Amino acid sequence: MSGPWYVDTVRQVAGCNEDIAIVKDNGTLIAVAYARRQPDETLANACLIATAPEMYEALKAIVNDDFLKHFPRDSIEMAKKALAKTEGKEKTGD
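Under the numbering used here, the first residue of the sequence shown is numbered 579, with each subsequent residue one higher.
Calculated directly from the structure, the hints in this document are not laboratory data.
Small disclaimer: the values here were computed from a predicted structure and weren't measured.
Check the hints yourself; a few may be wrong.
What the hints assert, rightly or not - Simulated restraints on C-beta separations:
hint, residue 1, residue 2, range
1, VAL588, GLU619, 15 to 21 Å
2, THR587, TYR634, 20 to 26 Å
3, LYS638, ASN604, 21 to 27 Å
4, ALA609, ASP652, 23 to 29 Å
Cβ coordinates follow ideal geometry from the N, Cα and C atoms, glycine included.
Whenever a hint applies, use it, and build me the whole structure from the sequences.
Laid out in structure tokens, this is it:
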């Protein structure tokens, strides 16, 4: 899983204004959060999808650092950043 991925609310996909694209740095389309539900839910789903690479790396770092014994600072910061992005509290690149 190579990230980072970003939510792109400007890019129109699949002919629907409410669909939200998830893209790489270079603009390559990774996924689409389809607007089948409420707009807030669509954005939340897009943020969660876009955070997948960071969540994977954060969890991998925590596990590799044997989290049962201690929580290394960088692992916790990675996890906090991934959570903030998932919750839409970090700039999404649009």
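Numbered hints the structure breaks, given as an ascending list = Those not satisfied: there are none.
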